[in-house]
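*Asks:* Listed below, chain by chain, are the residues.
Protein chains: 2
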Amino acid sequence: MNKRGVLTVISGPSGVGKGTIINRLFEIEKNLYFSVSATTRNPRPGEIDGVHYSFKSREEFEHDIETGEMLEHAVFNGNYYGTPKSAVEEKLSAGKDVVLDIEIQGARNVKRLMPEAVLVYILPPSIDELKKRLVGRNTEDAETIKGRLSTAYRELHEAPELYDYFIVNDMVENAAIKIKDIIEGERCSGNAMQEVLKQILEEAENLA
Amino acid sequence: MNKRGVLTVISGPSGVGKGTIINRLFEIEKNLYFSVSATTRNPRPGEIDGVHYSFKSREEFEHDIETGEMLEHAVFNGNYYGTPKSAVEEKLSAGKDVVLDIEIQGARNVKRLMPEAVLVYILPPSIDELKKRLVGRNTEDAETIKGRLSTAYRELHEAPELYDYFIVNDMVENAAIKIKDIIEGERCSGNAMQEVLKQILEEAENLA
Chain A
107 MNKRGVLTVI SGPSGVGKGT IINRLFEIEK NLYFSVSATT RNPRPGEIDG VHYSFKSREE
167 FEHDIETGEM LEHAVFNGNY YGTPKSAVEE KLSAGKDVVL DIEIQGARNV KRLMPEAVLV
227 YILPPSIDEL KKRLVGRNTE DAETIKGRLS TAYRELHEAP ELYDYFIVND MVENAAIKIK
287 DIIEGERCSG NAMQEVLKQI LEEAENLA
Chain B
107 MNKRGVLTVI SGPSGVGKGT IINRLFEIEK NLYFSVSATT RNPRPGEIDG VHYSFKSREE
167 FEHDIETGEM LEHAVFNGNY YGTPKSAVEE KLSAGKDVVL DIEIQGARNV KRLMPEAVLV
227 YILPPSIDEL KKRLVGRNTE DAETIKGRLS TAYRELHEAP ELYDYFIVND MVENAAIKIK
287 DIIEGERCSG NAMQEVLKQI LEEAENLA
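Line order of the protein sequences matches chains A and B. The numbering of the first sequence is the numbering used here, which starts it at 107 and goes up by one. The numbering of the second sequence is the numbering used here, which starts it at 107 and goes up by one.
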């Protein structure tokens, strides 16, 4: 049965804890393929090329945009972020479920190019909590934090129209399980099941 | 938080094992409200009024249709089957998830009246298997079985356009878990989460 995989896009404001949730999701659901984003920003301490990001030079990245190898891309703080297309398409065709960790502009592009994509947005328990987490992270200066918060407010207004599912990150474990449930459910959607439906209809045709 | 419950409609051809799956679903997911259908057919041995069905006289049922108390109703083999509206609406408003076990015509009506309803269709592993199960049940004569099979073929053609999710009943336990996952996922849908979204947007407004 050539069942196509489910493509899930996960987004959320900076500081919401998306990375931790996604790490946990991949621990509890082994049959997921994580699409590693490409970026031109510098690696943070501990980040490994090809694991956390595929780190590229500006020249390499722009070449990939021109050749259509980027499923989506966006610029944040002067750096490119994007999703290499070929790897995603290959996995979906083989029936493997793919998860993308991308920002809202990228999610919009993916939905336009692949309307069957399932878009999940992670919400903070409260705006106060989001502020606290951004400040507590201690990796950016005050100006950067202010910029991230204002981006978060803008995103929160755009998200309800675009995304299919919304998860409040009050507990990492619960949030990860909810994403797992959403993907399990979407494996039964009319789109994912179309080959199965076609087969059983043919069978009914022959026996009617 | 006044979160509205998820309304899930479960249908499937006669003999597919829907009843067994739904029984298992209610064992593994205690927080579901099962809407008991009303019917004018005679109780089968062991069936309890108000548990398996709400058994009504033809006069009572037609009165409920006239007063708008039936969310949907249909006629099968000369008997009325329907869903009393007030109980369903009351539970959804209280944030409780409701499951309806109804046939395809009824599902179409519910979707028309409540577009947020989640429609799940149970498929047999194969048409041969469906035939075997109908014959093996030994509760109907050959003519009734033939009628049920021809209804099943017609339904299988209509289902793909109407239903949101499709589950193959190869194993009762797996099928029940899939429905559970679908409901869990739908609790995070934009529709179910609209009050949560509204609240966090207001908070962002006030702090921006």
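In case anyone wonders, no lab produced these hints; they're calculated from the structure. Among the hints, a few may not be true.
Identical copies carry no separate label here, and so any pair may be met within one copy or between two of them.
[Claimed, not checked] List of simulated lysine to any residue pairs, SDA-like, C-alpha gap at most 25 Å:
| id | residue 1 | residue 2 |
| --- | --- | --- |
| 1 | Lys124 | Glu290 |
| 2 | Lys217 | Pro266 |
| 3 | Lys191 | Thr145 |
| 4 | Lys238 | Asn312 |
| 5 | Lys124 | Leu303 |
*Asks:* Please go over all the hints and tell whether each is borne out by the structure.
*Replies:* Here is how each hint holds up against the structure:
For a Cα distance limit of 25 Å, the shortest separation of Lys124 from Glu290 qualifies both inside one copy, at 19 Å, and across copies, at 20 Å. Taking the shortest alpha-carbon separations for Lys217 and Pro266, both the intra-copy value of 14 Å and the inter-copy value of 22 Å come in at or below 25 Å. Taking identical chains as interchangeable, the C-alpha atoms of Lys191 and Thr145 lie at most 25 Å apart only when both belong to the same chain, with a minimum of 14 Å there against 54 Å between chains. With identical chains, the CA atoms of Lys238 and Asn312 are at most 25 Å apart between copies only, with a shortest distance of 16 Å across copies and 63 Å within one.
Taking the shortest Cα distances, Lys124 and Leu303 sit within 25 Å of each other only across copies (18 Å), while inside one copy they are farther apart (35 Å).
Hint violations for this structure: none, all hints satisfied.
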